[in-house]
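A.B. asks: What follows is the residue order along each chain.
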Amino acid sequence: MGAGAHVDMQTISLDQSVRMIPDGASLMIGGFLGVGTPERIIDEIVRQNRHDLTVIANDTATLDKGIGKLVRAKLLRKAIVSHIGLNAETQRQMMAGELEVELVPQGTLIERIRAGGHGLGGILTQTGIGTSVENGKQRVEVAGKPYLLEVALRADFALVQAFIADYLGNLGYALTARNFNPVIAMAAGTVIASADNIVPVGVMSPDHVVTPAPVVDYLVANA
Amino acid sequence: MEPHTIIARRIAKELSPGMLVNLGIGIPTQVANFLPAGMHVFFQSENGLIGTGSVPEEGMAHPTLTDASGRPVMALPGASTFDSAMSFGLIRGGHLDLTVLGGLQVDQSGKLANWTIPNKMVPGMGGAMDLVSGAKRVIVAMQHTAKGASKIVKKCTLPITSTRPVDLLVTELAVIAFRDGQAILLETGPGISTAQVVAATDAELVTPGNVAEMSL
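Taken in sequence, the protein lines are chains A and B.
Quick note on numbering: our numbering labels position 15 of the first sequence as 15, and the sequence is numbered without any gaps.
Position in the second sequence (first residue = 1) + 1000 = our numbering.
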């Protein structure tokens, strides 16, 4: 291909992006207490009433922010997260048996996702050994030290929030809004990215691309 | 002096220049307020930041610059940001010199319970299990008692955070080290006698002949 002939990604509308997601789908969603979460995709999921979803994410944010909105609208069947402490509604639904919650140590959760996106079956970690996290898991000894076998995680969709994207789908992130985003972008069947700024191809320095374009399937157009 | 202030001031003395330190929420966060002026310590927030500064002035907060409680912070000159896999690689991989965490219970062998009260408070462990299992040194910052009952117990009744014993516990009444399965009283709080610490503590304490008073 000659210089200048880019395979520009077809951006899609917000409405189209969520129409791709069926009820019952599993979603990895970026964000740490709502920072770095694709808020407008969340709002559109609520509007289109996608339900029975499984969410894999760091936390369920707060009642009015990020994933908390999905919890409040009762759209989740299961949440695989490390923390629900700032969302009383998640705790209520869990205790009432309305929502299945799998609590995973944060470092283990991100490594399980990383393994899923990097072609690995799982990881070995000492975190959780001898605690309730070990229940039902296999211990593996390496060089005399015990580790837990934690299996890889993948999802049907990854919903990624970037600071900057170009029309090929290269992504860069802002400060602490990076968190789970580049890791989940590797670990899902379909990767949908939303970005604060979409710029022409060539504007982003190669060194500043954190998620390379080929792993991103769709870029949601900015209004 | 408020119990929280005693604890935070005493723990601040454990920090030295150039250390990479992760402070948990609550009393641990206050430790940063009592560092000697000009001492440079790298503070990590596990959401992906080294060089965490103080809370920004009104109007200066940025929505993508937050600490591990989701609150706005400043980043000091020389700060760095990274994803969550890197952040926990730092924690588990032997790069984190010290973590200071809150506690619900610590038992006499140094095991910490700080993430759940089953059926009552189920916030999730967040990064606590990785921090206690992975940091080079673990210090617990907590009040000595809760509703009159000792939080330093013979054996944790709450689910533990890690089998790895913590290194040091600082309360408003005592500094306690954990070595070889024993809890050793190193210092007493301001104006507190060894007998008062022993009386307020359920766990068995090893009390050396002369226990110093905390210097703050």
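Just so you know, the hints here were simulated from the structure itself, not pulled from any lab data.
Please note: incorrect hints may appear among the correct ones.
[Said to hold, decoys possible] Examples of chain B residues toward chain A, derived with CB under 7 Å:
# : residue
1 : Asn-1047
2 : Gly-1051
3 : Thr-1066
4 : Pro-1123
5 : Ile-1160
[Said to hold, decoys possible] Here are the simulated lysine to aspartate or glutamate pairs, DMTMM-like style, with alpha carbons at most 25 Å apart:
#  : chain 1 : residue 1 : chain 2 : residue 2
6  : A       : Lys-145   : B       : Asp-1202
7  : B       : Lys-1155  : A       : Glu-134
8  : B       : Lys-1120  : B       : Asp-1202
9  : B       : Lys-1120  : A       : Asp-15
10 : B       : Lys-1120  : A       : Asp-64
None of these values were measured; they are calculated from a predicted model.
Note that beta-carbon positions come from the ideal geometry of N, C-alpha and C, so glycine has one too.
A.B. asks: With reference to the structure, classify each hint as holding or not holding.
C.D. replies: Evaluated hints:
1. The restraint placing B:Asn-1047 at the interface with chain A holds, with a minimum CB-CB distance near 4 Å, inside the 7 Å limit.
2. At about 11 Å, the closest approach between the beta carbon of B:Gly-1051 and any beta carbon in chain A exceeds 7 Å, and the interface hint on this residue is violated.
3. Using the Cβ-Cβ criterion of 7 Å, the hint placing B:Thr-1066 at the interface with chain A is satisfied: the shortest such distance is roughly 5 Å.
4. Annotation: B:Pro-1123 was flagged as interfacial toward chain A, and the flag holds, the nearest CB pair being 3 Å apart, inside 7 Å.
5. Below 7 Å, beta-carbon pairs count as interface contacts, and B:Ile-1160 has one with chain A at about 6 Å; its hint therefore holds.
6. Of the supplied pair hints, the one linking A:Lys-145 and B:Asp-1202 is violated, its CA atoms being roughly 33 Å apart against a limit of 25 Å.
7. Of the supplied pair hints, the one linking B:Lys-1155 and A:Glu-134 holds, its CA atoms being roughly 20 Å apart against a limit of 25 Å.
8. Pair hint B:Lys-1120 plus B:Asp-1202 holds up; C-alpha atoms about 23 Å apart against a cutoff of 25 Å.
9. Pair hint B:Lys-1120 plus A:Asp-15 does not hold up; C-alpha atoms about 40 Å apart against a cutoff of 25 Å.
10. For the hint linking B:Lys-1120 to A:Asp-64, the alpha-carbon distance of about 23 Å falls within 25 Å, and the restraint holds.
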